[in-house]
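> Spelled out from the first residue to the last, the chains are:
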Amino acid sequence: MKLPIYLDYAATTPVDPRVAEKLMQFLTMDGSFGNPASRSHKFGWQAEEAVEIARAQIAELVNADPREIVFTSGATESNNLAIKGAAQFYHKKGKHLITAKTEHKAVLDTMRALEREGFEVTYLDVEASGLVDLNKLEAAIRPDTTVISIMFVNNEIGVIQDIAAIGELCRSKGIIFHVDAAQATGKVDIDLETLKVDLMSFSGHKTYGPKGIGALYVRRKPRIRLEAQTHGGGHERGMRSGTLATHQIVAMGEAFRIAKEEMHAERERVAVLRDRLLDGIKDIEQVFLNGDAVQRVPGITNVSFNYVEGESLIMALKDIAVSSGSACTSASLEPSYVLRALGLTDELAHSSIRFSIGRYTTEEQIDHTIKIVHDAIGKLRDMSPLWEMYKDGVDLGSVAWVAH
Amino acid sequence: MAYSNKVIDHYENPRNVGSFAKDDPSVATGMVGAPACGDVMKLQLKINDQGIIEDAKFKTYGCGSAIASSSLVTEWVKGKSIDEAALIKNTDIAQELALPPVKIHCSILAEDAIKAAIADYKQRHGN
Chain A
1 MKLPIYLDYA ATTPVDPRVA EKLMQFLTMD GSFGNPASRS HKFGWQAEEA
51 VEIARAQIAE LVNADPREIV FTSGATESNN LAIKGAAQFY HKKGKHLITA
101 KTEHKAVLDT MRALEREGFE VTYLDVEASG LVDLNKLEAA IRPDTTVISI
151 MFVNNEIGVI QDIAAIGELC RSKGIIFHVD AAQATGKVDI DLETLKVDLM
201 SFSGHKTYGP KGIGALYVRR KPRIRLEAQT HGGGHERGMR SGTLATHQIV
251 AMGEAFRIAK EEMHAERERV AVLRDRLLDG IKDIEQVFLN GDAVQRVPGI
301 TNVSFNYVEG ESLIMALKDI AVSSGSACTS ASLEPSYVLR ALGLTDELAH
351 SSIRFSIGRY TTEEQIDHTI KIVHDAIGKL RDMSPLWEMY KDGVDLGSVA
401 WVAH
Chain B
405 MAYSNKVIDH YENPRNVGSF AKDDPSVATG MVGAPACGDV MKLQLKINDQ
455 GIIEDAKFKT YGCGSAIASS SLVTEWVKGK SIDEAALIKN TDIAQELALP
505 PVKIHCSILA EDAIKAAIAD YKQRHGN
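Chains A and B supply the protein sequences, listed in that same order.
The first sequence: position 299 = 299 (our numbering), numbered continuously.
Heads up, our numbering is the position in the second sequence plus 404, with the first residue counted as 1.
Pulled out of the complex, with its shape left as it was, chain B reads as follows (with noise of 0.2 Å):
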């Protein structure tokens, strides 16, 4: 497989792996794929009183692009508001990472872990 150095650079170095603790008010998890897909994200948004992503944690099951996938998106969350946040589009993904067409779906995943995250956020929250 071919990949681009971004991906590479993200899957040697990935960023801001690791967990939050569950039991935290402000932590919103997402988890999105199934083991026998390939691929399994978790996504952890820390988020202020001001609807702010703090801070961002991922753990991911999955080939290379799908690792990488995850490492940006913390990245990209943080500082944004949980609306900016879910405005973050697979494609802007997939480009940025130049993932080639088989990859598509990990950056389609990744997408729909900071929409996880962000819907467990306002379920618990009541909004």
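Bound conformation, chain A alone (with noise of 0.2 Å):
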């Protein structure tokens, strides 16, 4: 078995050899490389029909009109444009916005960046369960505010939020609702025609699809406007200006195409996989699932190993490809903000492990893991004085720690 094993898919996939194929058709003399843009040549035509035919399959994947489909740059750009472009265009109706605190960081950098604008944002609390309480979010709502913005699946724990509800109560008050959903293509259902979203960002590269690229869906009926955020020769009706990249339009249109049909059959693979890992781990003591253990994607499983040190666990998991919520693997101090917000204590935190599983993982693999993960606990909880403390029945929190 080829290592280190790769069970990191919420981070990226690789590209599905049929999408890479269908993208080196784009680039060269021999291939498709005009610029959709041209108009005068069948050069240019060539390529605004194979941009056309990949705005349609992604807008198929999520049924919607291909014309609500806006091409960007991945979905961290889609993020930027749909909430500063919502906010900016309807400041005058009022200045407040809400998010929720799991929410992925080009979501809340971008909050914050609109804070230095003058505008308001309530920080939503979520749930022990990673989920949003519609009652708390009906609750922060007010008169001035505009825009809502809740991601559909989780990157880290992978909980599903309930978009068709929070849709509901958005369209009931008139507030733009505009959804981050990186991490749902392809792994949930999602129908634009039923669901009340307004706006909803897509990535390339979470799907098999390459990285660079990604899409914005921006509702028709009703019609929601956006200030534009690259201005130039007005591409994409004028919200997103830009030559369009052919060869990655058409890259992450095939990727989407082969999600829509494969969906449910991968769904169930992964799901099978998921359940033979989990199996696999469970007798292991002190281990807790992070997030709802029901309202969850297959694909990401995040759990927390007590009384082992993070980064000590990832060297000692130096065969697996997974991530961690220890600060030691990160540029920051701080543990992830996600599980914090979730209310675990900063050591659960520290010692959590993400294992997203993908299109190319094998029972063989997951078995290897389950193995390495037994052999790191064992051998790390063995040198624990803390586990040792745990074991004599030592309530840890009464111990006078020398903090240093």
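Simulated from the structure, these hints should not be mistaken for lab results.
Note that this is a predicted model, so its numbers are computed, not measured.
Don't take each hint at face value.
[Stated by the list, open to error] Taking lysine to aspartate or glutamate and the DMTMM-like style, the derived pairs with C-alpha atoms no more than 25 Å apart in a straight line are:
{"no.": "1", "chain 1": "B", "residue 1": "K461", "chain 2": "A", "residue 2": "D382"}
{"no.": "2", "chain 1": "A", "residue 1": "K93", "chain 2": "A", "residue 2": "E138"}
{"no.": "3", "chain 1": "B", "residue 1": "K493", "chain 2": "B", "residue 2": "E458"}
{"no.": "4", "chain 1": "A", "residue 1": "K391", "chain 2": "B", "residue 2": "D487"}
[As the list claims (entries may be wrong)] Derived CB-CB ranges, DEER-like:
{"no.": "5", "chain 1": "B", "residue 1": "G422", "chain 2": "A", "residue 2": "I284", "range": "13 to 23 Å"}
{"no.": "6", "chain 1": "B", "residue 1": "P505", "chain 2": "A", "residue 2": "R220", "range": "54 to 64 Å"}
{"no.": "7", "chain 1": "B", "residue 1": "G455", "chain 2": "A", "residue 2": "A400", "range": "21 to 31 Å"}
{"no.": "8", "chain 1": "B", "residue 1": "I508", "chain 2": "A", "residue 2": "E115", "range": "31 to 41 Å"}
{"no.": "9", "chain 1": "B", "residue 1": "I412", "chain 2": "A", "residue 2": "T12", "range": "20 to 30 Å"}
Every residue, glycine too, gets a C-beta built ideally from N, C-alpha and C.
Relying on the hints, combine the two individually framed chains into one complex.
Here it is as structure tokens:
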């Protein structure tokens, strides 16, 4: 078996070979390399046709009209365009925005930027499950609230928010509803005919497409208007100028076409592997699943191993590529803000591991992962004075620790 | 985190992991650090009547360099008198393991663990 084993599909996915093959047809002299905005010759027409096919493929996955899809450089740009664009366009209606504390940084930092422009933002607490409480959301709404942004699937813990119910609430109050769906495409069914969502962000590379491409859904009925954030040639109906990246767009279209075709079979296969993983580690004591146990995608599993420290755990798991909520693995010194928002202690947040399973994960890889996890936890706990105290029945909360 | 080969070696093959019986009068225990800070070290020394450290064991909850620092210390203190062991400095540990600057606190914690164990010994032997 090739090591390390890739279990970080929530960070990014490899490009599906079928997608890569498509992408390469739009680069060289022999391919359709033209500028889709060139209206005067065949090179341009061919590229434009390919872009429109891709636009339709993306619209089809989420049951939208192709004219509602705007291409961007990725979900981060889509989030920026959606939130800043709507907040600024409708600023005369009000300057209050709402989001949740567990959103992706691309949403949270966009909100922070708007605060510096004079907007007020409510960062909603989530429940211990990671889910937004509808009543608390409703209570946070003010007469001057214009935009609410809540993600579909959380990137760290995989919980699925009740987008249908939040959409109904927003629509009834006349509030624009933006959804970051970067982790949702190809994982959950999305029907924008029925969902009362006004703006939705998509990413290419989380769904077996290339990096550097994304899209924003902008509802036509009722029509949502945005202040453009990138100015230029007026591409994408003026909402996002810049020459369209034909090869990436075509690739994202193909990736989303495959997602629509295969998502139900894939979801079942991934769920079987996830159950196998959970079954394999459930006999380890003091392991906690983070986030709601039911309202979640099968691809993302986040667990905390009590009494082992995060960085040494990552070192012990060097043969599997996973991500950790530990501060030691990131530039900042704080552990995961998502896990903290769920109410986890620093220690449990530090010892969390996110296993994300995807299209190319095999049963053999899961079995080997289970073995590696058992060995690592066993070794680190044998070495852990906290584990020893826990086993001796010492209440760690009652110990007078000498903090340093 | 780019660790030196010595840290990796101690992390992967830690020396002297374990515990001595707490009620053994020749055993001194030092426990330092706090779970919320991400490091807890427990160092135990077996000290004979001449005040010589005959054996040492550790358990550490912490990052790779915390584990390596405590593992190294158990090797260094063996055979030393408690007065000699008290002279081990964090800078010696940090230098031996080539710890990166952000991990210097691990070597300080290891020095503190030796001092705490010796203090425990002296308190229990009325000295």
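> Now tell me if each hint is right for this structure.
Taking the hints in turn, this is what the structure says about them:
1. Annotation: proposed proximity of B/K461 to A/D382 holds, straight-line Cα distance about 12 Å (limit 25 Å).
2. Between A/K93 and A/E138 the CA atoms are separated by roughly 18 Å; this keeps the pair inside 25 Å, and the hint holds.
3. Taking the CA atoms of B/K493 and B/E458, the gap is about 20 Å. The hint holds against a cut of 25 Å.
4. For the hint linking A/K391 to B/D487, the alpha-carbon distance of about 34 Å lies beyond 25 Å, and the restraint is violated.
5. For B/G422 paired with A/I284, a C-beta distance near 21 Å keeps the hint of 13 to 23 Å intact.
6. Range check, B/P505 to A/R220: about 56 Å between beta-carbon atoms, so the 54 to 64 Å window is met.
7. Look at B/G455 against A/A400: about 29 Å separates their beta carbons, and that is inside 21 to 31 Å.
8. Look at B/I508 against A/E115: about 37 Å separates their beta carbons, and that is inside 31 to 41 Å.
9. About 28 Å separates the C-beta atoms of B/I412 and A/T12, a value consistent with the hinted range of 20 to 30 Å.
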